[in-house]
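Enquirer: Please build the complex by placing chain B on the supplied structure of chain A, with the hints as guidance.
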Amino acid sequence: MKYVDEYRDGRLAGHIAEKIRLEARPEQQYAFMEFCGGHTHAIFRYGIPDLLPDNVKMIHGPGCPVCVLPVPRIDAAIELAVVHKVILCSYGDMMRVPGSDRRSLLKAKADGADIRMVYSCADALGIAQDNPEREVVFFAIGFETTTPPTALVIRQARQQGVKNFSVFCNHVLTPSAISTILESPEVRDMGIVPLKGFIGPAHVSTVIGSQPYEYFAEEYQKPVVIAGFEPLDVLQAILMLIRQVNEGRAEVENEFVRAVTKDGNMKAKSLVADIFELRPEFEWRGLGLVPYSGLRIKKEYGFYDAENRFSLIASTGRDHKACECPSILRGVKTPKDCKLFGKGCTPENPVGSCMVSSEGACAAYYSYGRHQQALNNQKG
Amino acid sequence: MSANKRKYTQSLDLVQGKVEMAHGAGGKAMAQLIEQLFIRAFDNPALNVQSDQAMLALPDTAGLASGKIVMATDSHVISPLFFPGGDIGSLSVHGTVNDVVMSGAKALYLSVGFILEEGFPLADLKRIVDSMAFAAREAGVAIVTGDTKVVEKGNGDGVFINTTGIGVLPEGLELSTDQVRVGDKVLVSGSLGDHGVAIMSLRENLTFETTIESDSQSLDQLVARMIDRIPDIRCMRDPTRGGLAATLNEIAGQADVGIQLQEEAIPVKPQVRAACEFLGLDPLYVANEGKLIVICPKQRADELLALMHDHPQGADAAIIGEVFEDPNHFVQLKTSFGGMRMVDWISGEQLPRIC
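In order, the protein sequence lines correspond to chains A and B.
Each residue of the first sequence is one higher than the last, beginning at 1 in the working numbering.
Each residue of the second sequence is one higher than the last, beginning at 1 in the working numbering.
Just chain A, with the same shape it has in the complex:
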């Protein structure tokens, strides 16, 4: 497949892996965080850990939009469908994410709620136009990549005078999440997470550009390499990070030059700024309340804000006590540190959000990487 196979070439992968082996200093430990779930997925799907020396480790970050949504927001979405009887349109990944008492959209659907899986926000607007007698709500989630399409559809809904459509907005921002991780005591003081650098987001960076990461490189002295989601991108970025560490540099480098510019997509950014504004704070699973990390719909477009249109009960639902998703999302623990992993919590019956999406660290580890754990057990 053109423009895809080139980035999955096993021979080239072998060359880069060889360079990594040669350049990684045996006395040095290299721990890099890939922020994005897309990278986590690629790392496991293509078996990248097999190509890395033992002293180069990847820590999986919180960049999976499904994983970071806290229980109360899932509860609210279920409430919209069950209590307010709207047609709730959701991306497929959200369907199995557990809310309070292991309830999920999928279970609510089996109980009779009208919940529909869509591939885009525009499909949800189409469903609203086809069902003028029903209230239709789009369950908007995601980082900077999915925000512009939501903004565009809200604008279209107003232009076309669609009255029965609204958006339950859960869009969040990448840079504030990275700041929170870097500010966390585990990284700053305790050294529990020996973070040496970041693989910067791929698709998010096509929108926001490479410029926002300069602050992290400078302020926290951590190298950032923005990389695409193909396996060769990831491997090349790891090599570039190793070189920065070896040379004592902490810069923003862009491996994903075929799609990312310094300033990003100005048109998308201005569209988002037109429709959305910052929330003073937003709750993340794993990171807690993060200041200025989420978006809400501006007053001017408030008619399309599902949180205005329906009075939602503030849920106090919390994560399952034994679930380590919060620590895993901060990179403090790995999936196999969790007591529930593979026992009480599997992709069929997820307890925590990281086990749901294929971009979640637990699901990726369970579906693609379990053989390594078995191998280690045999060795040990």
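It cannot be assumed that every hint is accurate.
DSSO-like mimics (lysine-lysine), calculated; alpha carbons at most 27 Å apart, straight line [claimed, not checked]:
| id | chain 1 | residue 1 | chain 2 | residue 2 |
| --- | --- | --- | --- | --- |
| 1 | B | Lys18 | A | Lys343 |
| 2 | A | Lys336 | B | Lys334 |
| 3 | A | Lys298 | A | Lys163 |
The hints are simulated quantities; they were obtained by calculation from the structure and are not laboratory data.
All figures in this text were calculated on a predicted structure; none of them were measured in a lab.
Expert: Just chain B now, kept in the frame of chain A:
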């Protein structure tokens, strides 16, 4: 069954639980429903083997003491009813014929049960029935008994069809996962994912243009040729719902082995790969309706492959992997990128009502 006890993290909630779409998706949820509800209730040796078909010994009085009959059933709820490469009628014949012939048997008879929705155009029903008749003639089976029910408008979706097939097994032939041995080779008869992608291209909200057609076909001729020449084939399965991944995980579990695949060897058409790429799917999990997986002794693999290549239904056949010893029953894949990964069961549903 005892080996399966710990396979599921939660037991099926038969008090509060509800049927979810995943219970029909070919993954673990479906396997669990079958094991913990159906098999427990209907418990008998022929069923407990959990193959796609049941092998039944004939009572002595039939005068065929050594022969075995094979029986399989399949319900079809596909949406849309008509799709590139077939329709619900031809599919309902192919699906059941394939389930019968995967045991090595010759399929002889089919029954058909129609559940029709009030208001469904008879012209469409005629198209479907004609297509069934043609598919049955091609596969050399006779549709010998049937049933028709009509439900009120809104209580069905046009047409649902159940078919049950009966075949006879040549004497001495015994294909089963019990025969699988470490070192055996795994072959596939052709490209994967065609059926699922053809159906997806027509789905509401998902319409995209493609030249891909469903691979729906009866594999009776290919199978007859294979078992005639290489009777020591270990076992065969058709990778329908849940795709290659589900079928191989099923085999690995039943045969108490592990399987390692070579990604580069697995045939997938470029159009299917492209569609899977933008839909975020993995072709190894996408359904097929005219392909088979066969496991055979290592030393017979090349001969079997050549034999399959000589038949149009096996023109793109390939040796894709090997059987290993593995108490975990893992199916693993050596990626073309150079790493290893697991190929687990599908979780949840990839796309409902594809067959």
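Enquirer: If a hint holds in the structure, say so; if it does not, say that too.
Expert: Structure-based check of all given hints:
Restraint check for Lys18 (chain B) and Lys343 (chain A): satisfied, since their Cα atoms lie roughly 22 Å apart, inside the 27 Å limit. Distance check on the hinted pair: Lys336 (chain A) and Lys334 (chain B) sit about 23 Å apart at the alpha-carbon level, within 27 Å; holds. At most 27 Å may separate the alpha-carbon atoms for a hinted pair to count; Lys298 (chain A) and Lys163 (chain A) meet this at roughly 17 Å.
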